[in-house]
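Trainee: Here the structure of chain A is known, so what remains is to put chain R in place on it, guided by the hints.
Letter by letter, the chains look like this.
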Amino acid sequence: MKHPSLFTRRDFLQTGVLGGSAALTLPAFVGSTMQQLAAAEGADDKDQPILLVIQLAGGNDGLNTVVPWENDHYYRARTRLAVKKGDCLKLDDEFGLNKNARGFKQLWDDGKLGVIHGVGYPNPNRSHFRSTEIWHTASDSKQQLAQGWIGRYFDNHCKGAEPSVGISITKQSPQAFRAKNPIGVTFDDPSRFRFEGLEDGDTPEEELFLANNDGGSINMLESGGQMKMEPGMSALDFLERTALDAQVSSDQIDTVLKAKKTGAKYPGTPFSRQLQLIAQLIAGGMGTRVYYASRGGFDTHANQAASHGGLWQDVSNALLAFQRDLEAQGHGKRVTTLVFTEFGRRVKENASGGTDHGAAGPAFVIGSSIKPGFHGTMPSLAPADLFRGDLEHSTDFRSVYATMMDQVLGVDSVSVLGRKFESLKLFG
Amino acid sequence: MANHCSRGWECKENDVDCNADFETSGNLAVFTVSKQYSQRLNRTMIMKRITDAVLGLEKAAHLLQRAGFGGSPDEVRAWAAKSPDAAVAELVGFGSGSDDDFGPPVFLETSAESDANFAKEFANLRNLRREDQAAAEQAQRRLNAQRRRVQYQGIGELRAWWLYRMRYSNAPLQEKMTLFLHGHFASATQKVRSPGMLYQQNQLFRRLGNGNWEDLVNGVASDPAMLLYLDNARSNRRKPNENFARELLELFTLGEGNYTEEDILAAARAYTGYSIERETGEFVFRNFMHDPGRKTFMGETGAFKGEDIVRIVLKHEQAPRFLTAKLWRFFVGSDASEAQVDHLSRVLLDAKWELKPLLSEIFLSEDFYDEKVRRGLIKSPTQWFVQLLKSMEAPLPDPRISNGILIQLGQELFNPPNVKGWDGGAAWINSSTLLNRYNFAGALVRGKLPQNLGRSPTNRRSYNNRPNLRSVVDPERVLPPADRKDRASVQRALFARLYQSQLRATDRAKFMEYLDTQKDPANWNERDLQEAVHLLLSSPQYQLA
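These protein sequence lines are chains A and R, in that order.
With the numbering used here, you'll find the first sequence wraps up at 428, consecutive numbering, no jumps.
With the numbering used here, you'll find the second sequence wraps up at 545, consecutive numbering, no jumps.
Same shape as in the complex, but just chain A (with noise of 0.2 Å):
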């Protein structure tokens, strides 16, 4: 896109209107609507917290990551897929992680890494499309939501902001970011996430389509930029104002992303290369509150030690080098990380050298200020203890979302989760 480039919906109104292509006059609420955007849009976004979540899709084997290397149990139910002693990363004195996941063990020893014991759910669905659902939309187990959590939190405390409020790295938009007011930017490949379609010099193209996408008429600022249908707001009204968005966050990305890489060095795998890619837009200043990530391959059914060993490898170390990454940048404080699974996997091994889906496990949480080390209570694996083979949670996953809203995105967690759900001790 060829014309200046205009980092944010006030910008380019005030360009685009008072340098107009039409002779429009402001009349006077304009001033005030522009207010209004300045208001919504944070008094300085560049400080503001920001929090990263991560789905590890499939169902990671919670066991064999972070391993009771001291638990009888553990070994009787894993007679040929337990993670040996000598082979695991000592974390304490029960517990040692996959001697995969060295990134983490490195994170651990930084301080960085919390471990979350046995999260789950009561009455735990063992369907990925299902529980994939469940932890999306926050929902009892037996509950059909249709806005995911961080829609939620879009559509309570961001009210006015850009779309790019909310950025998920994915090829579709995933359903925690869906929200009664559509918002939120989904690309897998930034490249893509442009109008495609105009070559360079295609001046008269550009023109007609960005007069056809530049907000149109002057109706739309009464709004105050609101992302959704108001009633009375036309629906030309509302497809103006997307499109008007969309260029300006389709601008506001490709001009972070053509400055400077930052120069931290990435194993290079696909997954880590979405982390480097918020990784830059965070560097490069966006105001966006909530990234999403996903690595999928967790589904070990069988053949179990073959695979998980690598996935570890990939997504420890990846994460090892966003986190240095993002300190190297001065932004290890803001940016919190959220590693969560749908499902854990059976405490037994199946027939086939692998393990099938379960219900609670552990979940991780990455930053530089967060209270390192175990939190909760690991779910006892005693056979007589377990929930029809499974590990029984101990923490509700919604006391860890709770815990993001309350303290990492400093909001209300009931208007988000419905209930109140205690907060973990994750902060200092």
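Take the hints with a grain of salt, since some may be wrong.
[To be verified] Subject to a maximum C-alpha distance of 20 Å in a straight line, what follows is the list of computed PhoX-like cross-link-like pairs (lysine-lysine):
(1) 420/R to 180/A
(2) 326/R to 142/A
(3) 326/R to 356/R
(4) 99/A to 84/A
(5) 372/R to 59/R
(6) 142/A to 485/R
(7) 180/A to 326/R
(8) 372/R to 326/R
(9) 348/A to 84/A
(10) 191/R to 420/R
(11) 85/A to 99/A
(12) 448/R to 485/R
(13) 142/A to 239/R
(14) 372/R to 48/R
(15) 90/A to 142/A
[To be verified] Calculated Cβ distances over 10 Å to all of chain A for the following chain R residues:
(16) 124
(17) 126
(18) 180
(19) 208
(20) 236
(21) 286
(22) 392
(23) 417
(24) 470
(25) 485
(26) 489
(27) 502
(28) 524
Hints in this document: simulated from the structure, not taken from any laboratory.
Every residue, glycine too, gets a C-beta built ideally from N, C-alpha and C.
Mentor: Using the frame of chain A, we list chain R on its own:
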């Protein structure tokens, strides 16, 4: 002398103002329209019909886009010449279309046999399990994977088959109603893996889309895909499953707040035994699972079965309002007023829940053609896609491309996100989906395979051969020489085909400004035309129907 109501039964009172109980006839139920409610509605018939002799271009375009998936300029011209009554009668009657125009999806020919084979293999495994658990587990995993592949292929074919019908049907309202009902009575392949079952459900909607609402609801309650999706197949008298009963009341017929938890439990009991034959996937009523006892549902008591529940539900004042409001929203794009809902509910009740009079009333009303309604509806992804192809008179691309596009735009057919279906309207649009629409439009127009097609298990990107994509713009058709004689002609022709409206002066001016920078349209090559079309499609205006 006994009168016959519109359903051909003898009734004891005058047909128009009936308020008596009819006798049950076979499995079909009778209903009572409470006299008070009926009289109240009597006073509120406020909606007027259009009085034009013929539809004209604007109304015809509007009608085709809302009651169907739009059409080419020629089709719009043909419909413009019809009288409103004739046009709407043809649409609502699903006239001029027939199942014979389309064969069933390919997988159906082999699915019965294939399902039976799998059932046999799984049964064999159960025996093997006793001897060698490890081997059985491995074999089961392989067999599951195999069956999944077959199912995914079937679902892919099913989607392609439906899109084909949407693209080519001569009964567009039939396909549009099927789409509405698919979102209303949602079932998803995520849970209902069998393409055969989903096909059956789709055919139910197709058959009854202009039929009787009570028949439809009862049909859905015996539909295997729905029974599976809402966990009713195993619901039995010892442990009745409330999922179907709840959604029946909350999402399908009445809406929240019009029934109690006890009503849900009673309904759940009434639906116990409504199950599925494992081998064939057909509906079966299992007596031994059914709770034959008396239930109290919405103030009435009896040894109710499912059909009784529906009969009683439809007596509720909210029942016609719920349906009419939702249909209005789907076809009109905004909420009906109380008065409009009153009016339409009266029409529906007078017709004893037959949908044709209601649909006709909507499509013949002045309100439907109101200026604020026209070009006021944000196209669903399916609408956007099919309408684009119809307006270009272009064929469907490779099914993998079609499905990939629809996934990215947020509407994967046969896979609504949850039982509530799709929210629709503004919910289709955010920065990403809007940019995707622009970019996919570009891909279709330029014949370039899009890079970021959506992925679902049924749309794996492991192409054995990459699908080809031909440009949907045929220059001969889209801009023949007659339309190239000057820039104004180009603008008129392209706006007529793409927007089916000449839009506002500012919209025309912007495009003319662009045309002024381009060479003489008489000398345009394919790429020049593609570029102009792509730009016109990449606008807020194009998202509206």
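Trainee: Can the restraint linking residue 85/A and residue 99/A be considered satisfied, given a maximum Cα separation of 20 Å?
Mentor: Distance of about 10 Å is within 20 Å: holds.
Trainee: Need the status of pair residue 326/R, residue 142/A: alpha-carbon distance at most 20 Å?
Mentor: violated, 26 Å
Trainee: Over 10 Å to the closest beta carbon of chain A is the bar; see if residue 524/R clears it.
Mentor: Residue 524/R clear of chain A: closest Cβ-Cβ about 14 Å, beyond 10 Å.
Trainee: Just checking, residue 124/R versus chain A, shortest CB gap more than 10 Å?
Mentor: holds, 18 Å
Trainee: Regarding the pair residue 180/A and residue 326/R, is the alpha-carbon distance no greater than 20 Å?
Mentor: holds, 19 Å
Trainee: Hey, is residue 208/R genuinely clear of chain A, shortest beta carbon separation above 10 Å?
Mentor: holds, 26 Å
Trainee: Does the structure keep residue 372/R and residue 326/R at a Cα separation of 20 Å or less?
Mentor: holds, 19 Å
Trainee: The output says residue 485/R does not contact chain A. Does that hold with a beta carbon cutoff of 10 Å?
Mentor: holds, 21 Å
Trainee: Within a Cα-Cα threshold of 20 Å, do residue 142/A and residue 485/R meet the stated pairing?
Mentor: violated, 64 Å
Trainee: Checking one constraint from the list: CA of residue 348/A to CA of residue 84/A, max 20 Å. Satisfied?
Mentor: holds, 16 Å
Trainee: Beyond 10 Å from every Cβ of chain A: is that where the Cβ of residue 180/R lies?
Mentor: holds, 19 Å
Trainee: Is the nearest Cβ of chain A still more than 10 Å from the Cβ of residue 286/R?
Mentor: holds, 24 Å
In this structure, the hints that do not hold are numbers 2, 6, 12, 15 and 23, in rising order.
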